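Model the full assembly from the supplied sequences, consistent with the hints where possible.
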Amino acid sequence: MEQIINLVYGGPLPQQKRSQPMQVLCVGISRSGTESLREALLKLDFTHTYHGWDTVLQPRFQLQAWYSLVKRKYEQPGSKFTSADFDPIIGHCVAITDLPGAVFAPELIAAYPDAKVILNVRRDLDAWYRSFESTMGVFDRNPMNLDWVLSWFCRDLFWIRQCMSRKMVPLFFRGSFARNGKEVYKDHVDLVRKMELSPDRFLEWSVEDGWEPLCRFLDRPVPSEPFPAGNTPKDYNKRITSTMIRYYAAAFVNMLLVIGVGAAVVAYGIRRIQGL
0 MEQIINLVYG
10 GPLPQQKRSQ
20 PMQVLCVGIS
30 RSGTESLREA
40 LLKLDFTHTY
50 HGWDTVLQPR
60 FQLQAWYSLV
70 KRKYEQPGSK
80 FTSADFDPII
90 GHCVAITDLP
100 GAVFAPELIA
110 AYPDAKVILN
120 VRRDLDAWYR
130 SFESTMGVFD
140 RNPMNLDWVL
150 SWFCRDLFWI
160 RQCMSRKMVP
170 LFFRGSFARN
180 GKEVYKDHVD
190 LVRKMELSPD
200 RFLEWSVEDG
210 WEPLCRFLDR
220 PVPSEPFPAG
230 NTPKDYNKRI
240 TSTMIRYYAA
250 AFVNMLLVIG
260 VGAAVVAYGI
270 RRIQGL
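Going by numbering that gives the first Met the number 0, 87 is the number at position 88 of the sequence shown; the sequence numbering is gapless.
It should be emphasised that the hints constitute simulated quantities derived from the structure, not laboratory data. Bear in mind that the values here come from a model prediction, so they are computed numbers and not experimental data. Since no wrong hints were added, every one of them can be taken at face value.
Quick list of in silico lysine-lysine cross-link-like pairs, DSS-like style, CA-CA up to 27 Å:
(1) K237 with K42
(2) K16 with K79
(3) K115 with K79
(4) K193 with K115
(5) K16 with K115
Here are the computed distance ranges between Cβ atoms for each label pair:
(6) T240 with D218: 31 to 41 Å
(7) V148 with Q75: 29 to 39 Å
(8) A266 with A109: 58 to 68 Å
(9) V7 with P112: 31 to 41 Å
(10) K237 with P198: 32 to 42 Å
(11) G259 with R173: 38 to 48 Å
(12) D44 with A228: 17 to 27 Å
(13) W147 with A177: 17 to 27 Å
(14) A263 with M194: 52 to 62 Å
(15) T81 with I272: 51 to 61 Å
(16) P58 with A177: 31 to 41 Å
(17) A263 with P112: 50 to 60 Å
(18) A228 with G259: 43 to 53 Å
No residue lacks a Cβ here, since even glycine has one placed at the ideal position from N, Cα and C.
Shown next, in the form of structure tokens:
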């Protein structure tokens, strides 16, 4: 099945090269201030800082690459990961946030031993759960809607579904975010804490903490401007919709082409049969 998937939907995988050392690993789960933290790191000159939004931008097929790593992590327990596994996707980055950073937290921390680690947390667990459910919860539900139909006619849409809805989210949340989200969140925070990283390498931080502890940890001057505001669920849904429009347009065109070719083949077959 994987060979068929790659034949039909596969594309050229990203081949980034590491030009600067990895400096910051933000390993908190999505909706724990990940975009605010990303914007803050960019303002502190940690360029580029990787975020989930990067996966639907250029280069294409990043999610296909993450899909392969997720399969290896969960389907081949005990697999070892090194920077050579991650650099083709994030080699152009000096920092990473959002779900890939959380899913691969232990592996990234081991692969980049000189990078500082930030465990970005949401102190109100119920608020985090509601925020995740109203945004990225769609990957947990994986509804068979128009988006699902169109995903079979556009490679970019296909890999969003294949990676996020069929692998990364369900595997990370042990089968269901709806059932296990809060438990997985607490276990993830405990996992990182119990790694007992040295104080000069590890910071547990929340958006409410703002600039000062972050800048002190990263040895950067504190900016005079307010700390960046992240995405509200409404902002998130608006942004993801605008990002997906071009994929939907391509999918509609491809779907019409397939229907047109299929109809022509059927019509030709009928004429051949009638001519016998």
